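*Asks:* Chain order of the listed sequences is A and B.
Using the UniProt record's numbering, you'd call the opening residue of the first sequence number 1 and step up by one each time.
Using the UniProt record's numbering, you'd call the opening residue of the second sequence number 1 and step up by one each time.
Hints are supplied without guarantee of correctness; some may be wrong.
Here are the simulated DSS-like cross-link-like pairs (lysine-lysine), alpha carbons at most 27 Å apart as the crow flies [said to hold, decoys possible]: (1) B:Lys4 with B:Lys100; (2) A:Lys10 with B:Lys130; (3) B:Lys6 with B:Lys100; (4) B:Lys130 with A:Lys28; (5) B:Lys183 with B:Lys303; (6) A:Lys28 with A:Lys10.
Simulated from the structure, these hints should not be mistaken for lab results.
Predicted, not measured: the structure shown is a model, and the values here were computed from it.
Letter by letter, the chains look like this.
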Amino acid sequence: MSTTELPSPKPEIQPETASFWAATLEGKLLLQRCSDCGRAGYYPRFVCANCHSTGLDDFEATGRGTIYSYTVTTRGILEYATAGSYVLAMVALDEGPKMITNIVECEPADLHIGQTVEVVFAATGGAGALPRFRPVIRDV
Amino acid sequence: MSIKGKAFIAGAYEHPGRELPDKSIPQIHAEVALGALADAGLGLADVDGYFCGADAPGLGGLAMADYLGLNLRHMDSSDMGGSVYMSHVGHAAAAIASGKCRVALITLGGRPRTTSLRAPGQLMGEPPEKYFEPIFGANVSALYALAAQRHMYEYGTTSEQLAEIKVAASVHAQYNENAMLRKVVTVEEVVNSPIVSSPLHRLDCCVVTDGGGALVLVADDIAATLDRHCVKILGHGEAVEHTRGGWQDITTTGGVRSGADAFGEAGVSRADIDYVGLYDSFTITVLLALEDLGFCPKGEGGKFVQDGALQSPNGRLPFNTDGGSLCNNHPANRGGMTKIIEAVRQLRNEAHPAVQVPDCELALAHGTGGWLSTRMGNATVILGREGA
Chain A
1 MSTTELPSPK
11 PEIQPETASF
21 WAATLEGKLL
31 LQRCSDCGRA
41 GYYPRFVCAN
51 CHSTGLDDFE
61 ATGRGTIYSY
71 TVTTRGILEY
81 ATAGSYVLAM
91 VALDEGPKMI
101 TNIVECEPAD
111 LHIGQTVEVV
121 FAATGGAGAL
131 PRFRPVIRDV
Chain B
1 MSIKGKAFIA
11 GAYEHPGREL
21 PDKSIPQIHA
31 EVALGALADA
41 GLGLADVDGY
51 FCGADAPGLG
61 GLAMADYLGL
71 NLRHMDSSDM
81 GGSVYMSHVG
91 HAAAAIASGK
101 CRVALITLGG
111 RPRTTSLRAP
121 GQLMGEPPEK
131 YFEPIFGANV
141 SALYALAAQR
151 HMYEYGTTSE
161 QLAEIKVAAS
171 VHAQYNENAM
181 LRKVVTVEEV
191 VNSPIVSSPL
201 HRLDCCVVTD
211 GGGALVLVAD
221 DIAATLDRHC
231 VKILGHGEAV
241 EHTRGGWQDI
251 TTTGGVRSGA
261 DAFGEAGVSR
271 ADIDYVGLYD
281 SFTITVLLAL
291 EDLGFCPKGE
301 GGKFVQDGAL
311 QSPNGRLPFN
321 TDGGSLCNNH
331 PANRGGMTKI
341 IEAVRQLRNE
351 AHPAVQVPDC
361 ELALAHGTGG
371 WLSTRMGNAT
381 VILGREGA
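The task is simple: from the sequences and hints, build the whole structure.
*Replies:* What follows is the structure in structure tokens.
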């Protein structure tokens, strides 16, 4: 099964998410780091969800992480209503935060929690690309 | 100020319908309101406090107050998804205890089965997470599946253990003539049913139904005048969980905190509870609630639910004796109300005789609203017989 032909809805850009989405067009995954508590956070917002500081600064993440949990779902809604089965995952980024995303370029049956993945960006035709992840193929 | 003993559930009513294409949603609210008030021996003119979810038609509860012609001193249409009815029991008891109202009506009604509006949250405006979760195809079953998959990974929970929860619900539902699914199922049938979002199968998921329900809470002096066995509110707790900026633990729910608060206020222990009404949008929802409310240690929910533990009347902790949302109904995509109604039946000794818990003195009802794993309301109430 291929999961590379997923719908790629255009994101709507808000002032607080503009830098995140602009970076995706350059192939960069941005996180915010709190200048007070030091914790990285996702998704972009105005206030730190940990210490409630507003001192949040963008930085470029490595784009690497591990699968924290995943599911092969057949019950998409909205733009995904006719998507068939696809992998929705929660990826724990190397910087700490977890994000909801898709795993693509994979055989779903071969996936497992703890697997190393890397970001790839799917064009949407809009002002942002969707950060999805694929398994890292290790050299042998 | 504690609400303990200050308010009583005097009326409860569950809409018998599961497919209601010929009724408007306000009409369903009105039918359950009248049903619950009649059960209490009261009428709409007695109501001075009204509670509903934000999914009620119109602007919060204002439209429903107009439709019903209520003369209100207090209204609350705060929302915590399907857990809001446990929340509203607590809020209504607090309003009664502080003198803000004396007869509180709580209603739920909806038609997700016979209308196309099946996606919760679609009517709630533009949520901040929309372009970070739904844009990747995050749907309700998939988000709960993420929690199930992780729980299996961390604790060795199996699909067969989750299936035990559905089996218990189905054993109960066979006695409920209104239940959507009345066939008793086996563990094998659950795990062999089609995958919806792995590892959750179709039979791990609740039914989608039209319908509704309502509760009437009254002050203690009113309860004393009613020719009805009333149910005493003993404790309430609520807690909101969320992604914590991406640092969430998806196998633990806010039930840890809402349960602790409710038990603390009620002054009873887990071992004292005779019956539990647990939100059962999916089998995993029940398993996490059992752990987080403290009925078993974290990670041992799978073992706990084996061997018919949840089956009434002989199991260690009978649950959802109406068949729950897994088999009976899940009106308006919100299962909290019906968990409270069946707990009331149990405490009044009015459940079906085949599933009535003998000498049921104390019951707990717990809701998990919104979307597990990301943004989730949790609310717990502890209820007792009139003299509890």
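*Asks:* Does each hint fit the structure? Answer for all of them.
*Replies:* Results for each hint:
Using a Cα cut-off of 27 Å, the hinted pair Lys4 (chain B) and Lys100 (chain B) holds, with the two alpha carbons roughly 16 Å apart. Distance restraint check for Lys10 (chain A) and Lys130 (chain B): the Cα-Cα separation of roughly 11 Å lies within the 27 Å cut-off, and the hinted pair is therefore satisfied. Under the criterion of a C-alpha separation no larger than 27 Å, the hint pairing Lys6 (chain B) with Lys100 (chain B) is consistent with the structure, at around 13 Å. With a C-alpha separation of about 20 Å, the suggested pair Lys130 (chain B) and Lys28 (chain A) falls inside the 27 Å cut-off, and the hint holds.
For the proposed pair Lys183 (chain B) and Lys303 (chain B), the alpha carbon gap of about 25 Å is at most 27 Å, so the pair holds. Taking the CA atoms of Lys28 (chain A) and Lys10 (chain A), the gap is near 17 Å; set against the 27 Å cutoff, the hint holds.
This entry satisfies every hint, going by the numbered hints stated previously.
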